[in-house]
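> Letter by letter, the chains look like this.
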Amino acid sequence: ETGVTQSPTHLIKTRGQQVTLRCSSQSGHNTVSWYQQALGQGPQFIFQYYREEENGRGNFPPRFSGLQFPNYSSELNVNALELDDSALYLCASSALAGRPETQYFGPGTRLLVL
Amino acid sequence: DQQVKQNSPSLSVQEGRISILNCDYTNSMFDYFLWYKKYPAEGPTFLISISSIKDKNEDGRFTVFLNKSAKHLSLHIVPSQPGDSAVYFCAAKVGGDDKIIFGKGTRLHILP
Numbered sequence: 001e002t003g004v005t006q007s008p009t010h011l012i013k014t015r016g017q018q019v020t021l022r023c024s025s026q027s028g029h030n031t032v033s034w035y036q037q038a039l040g041q042g043p044q045f046i047f048q049y050y051r052e053e054e055n056g057r058g059n060f061p062p063r064f065s066g067l068q069f070p071n072y073s074s075e076l077n078v079n080a081l082e083l084d085d086s087a088l089y090l091c092a093s094s095a096l097a098g099r100p101e102t103q104y105f106g107p108g109t110r111l112l113v114l
Numbered sequence: 115d116q117q118v119k120q121n122s123p124s125l126s127v128q129e130g131r132i133s134i135l136n137c138d139y140t141n142s143m144f145d146y147f148l149w150y151k152k153y154p155a156e157g158p159t160f161l162i163s164i165s166s167i168k169d170k171n172e173d174g175r176f177t178v179f180l181n182k183s184a185k186h187l188s189l190h191i192v193p194s195q196p197g198d199s200a201v202y203f204c205a206a207k208v209g210g211d212d213k214i215i216f217g218k219g220t221r222l223h224i225l226p
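If you read the protein sequences in the order shown, they are chains A and B.
When we follow our numbering, the leftmost residue of the first sequence carries the number 1, and every step to the right adds one.
When we follow our numbering, the leftmost residue of the second sequence carries the number 115, and every step to the right adds one.
I should point out that these hints are in silico values taken from the structure, not numbers from a laboratory.
Be a bit skeptical, because a hint or two may be false.
Pulled from the structure, derived: some chain A residues nowhere near chain B, Cβ distances all over 12 Å [unchecked claim]:
#1 Pro62
#2 Arg63
#3 Phe64
#4 Ser65
#5 Asn77
#6 Ser86
#7 Arg99
#8 Glu101
#9 Gln103
#10 Gly106
Calculated pairs, BS3-like style, for lysine-lysine (alpha carbon to alpha carbon, straight line, at most 30 Å) [claimed, not checked]:
#11 Lys170(B) / Lys218(B)
#12 Lys13(A) / Lys218(B)
#13 Lys182(B) / Lys168(B)
#14 Lys168(B) / Lys119(B)
#15 Lys13(A) / Lys213(B)
#16 Lys119(B) / Lys218(B)
Stretches of chain A that chain B covers, calculated by requiring three or more beta carbons in the stretch to come under 8 Å of a beta carbon on chain B [to be verified]:
#17 17-25
#18 36-49
Here a beta-carbon is modelled for each residue, glycine too, at the ideal position from N, C-alpha and C.
Could you put the whole structure together from the sequences, leaning on the hints where they help?
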């Protein structure tokens with residue numbers, strides 16, 4: 001059984017660019033949540049996908065968007081990058097929506113916006 | 115507006131002693147609380163949780179206490195071990211909502 005994986009591990013972008021981050025869920029998990037963790041802060045909920053549909057969203061602007069694929073892997077897209085988007089982006093998968101204790105987190109993608 | 119607050123950025127405890135990590139919350143609608151542990155270069159790992167209908171939950175060396183009137187919870191680790199050195203996040207959620215609100219974390223150092 002493979003865990004949650006994320007790619008890339010690190011990347012650097014410039015302000016105004018667009019970025020796509022990827023997450024492969026743990027086998028059998030149909031729910032994926034994305035979080036942003038800025039330096040010195042706790043993770044902040046961006047949104048969740050359940051069976052390819054958005055299933056809840058935090059206080060993030062529309063330039064943060066996502067997709068979930070039939071194999072339950074997921075993408076986080078951020079358009080018009082701003083300096084404050086520099087953070088660790090975590091994804092977490094679970095087999096049961098509404099049961100956060102069943103979530104498994106990936107190691108994260110560290111994004112630096114210059 | 116920080117709904118979940120961990121006011122101690124770091125804590126150092128002697129190996130074998132008790133570690134107590136504290137967390138306060140402001141939203142009285144929260145009814146489920148969780149603690150996560152995070153090592154460098156890894157994602158957070160779920161540690162223990164408690165429902166608002168309970169005031170204590172225990173799992174091995176880890177016990178979480180909830181004081182609803184004070185809007186306060188704490189995580190006790192007894193005895194503390196070197197592998198417990200990590201960042202601990204307190205988190206909370208409301209009912210069926212999948213949005214988890216995290217605190218800023220407390221870095222625990224277990225001293226030999």
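> Hint by hint, say whether it matches the structure.
Taking the hints in turn, this is what the structure says about them:
1. Consistency note on Pro62(A): stated as away from chain B, and its beta-carbon is indeed over 12 Å from all of that chain's, at 17 Å minimum.
2. Non-interface call for Arg63(A) relative to chain B: holds, since the shortest CB-CB distance, roughly 19 Å, exceeds 12 Å.
3. Its beta-carbon lying about 14 Å from the closest one in chain B, Phe64(A) satisfies the requirement of being farther than 12 Å from that chain.
4. Residue-level check passed: Ser65(A) sits 17 Å from the nearest beta carbon of chain B, beyond 12 Å.
5. Once the 12 Å rule is applied to beta carbons, Asn77(A) is consistent with being away from chain B; the minimum gap is 20 Å.
6. At roughly 17 Å from the closest C-beta of chain B, the C-beta of Ser86(A) stays outside 12 Å, upholding its exclusion from the interface.
7. Distance check for Arg99(A) against chain B: the nearest CB is about 9 Å away, which does not clear 12 Å, and the non-interface claim fails.
8. For Glu101(A), the condition that its CB be more than 12 Å from all CB atoms of chain B is violated, with the nearest at approximately 5 Å.
9. Once the 12 Å rule is applied to beta carbons, Gln103(A) is inconsistent with being away from chain B; the minimum gap is 7 Å.
10. Consistency note on Gly106(A): stated as away from chain B, yet its beta-carbon is not over 12 Å from all of that chain's, at 5 Å minimum.
11. Taking the CA atoms of Lys170(B) and Lys218(B), the gap is near 23 Å; set against the 30 Å cutoff, the hint holds.
12. Among the hinted pairs, Lys13(A) with Lys218(B) is consistent with the structure: their alpha-carbon atoms are about 26 Å apart, no more than 30 Å.
13. Our distance criterion of 30 Å between C-alpha atoms is met by Lys182(B) and Lys168(B), whose separation comes to about 9 Å.
14. About 20 Å separates the Cα atoms of Lys168(B) and Lys119(B), which keeps this hinted pair within 30 Å; it holds.
15. Using a Cα cut-off of 30 Å, the hinted pair Lys13(A) and Lys213(B) holds, with the two alpha carbons roughly 28 Å apart.
16. The suggested pairing of Lys119(B) with Lys218(B) holds, with an alpha-carbon distance near 7 Å, which does not exceed 30 Å.
17. Evaluation of the coverage hint for the segment 17-25 of chain A: breached, as 0 residues show C-beta separations to chain B shorter than 8 Å, against a requirement of three.
18. Check on the segment 36-49 of chain A: 7 of its residues sit with their Cβ under 8 Å from a Cβ of chain B, so the three-residue criterion for coverage holds.
Going down the numbered hints, you'll see the structure goes against 7, 8, 9, 10 and 17, while the others check out.
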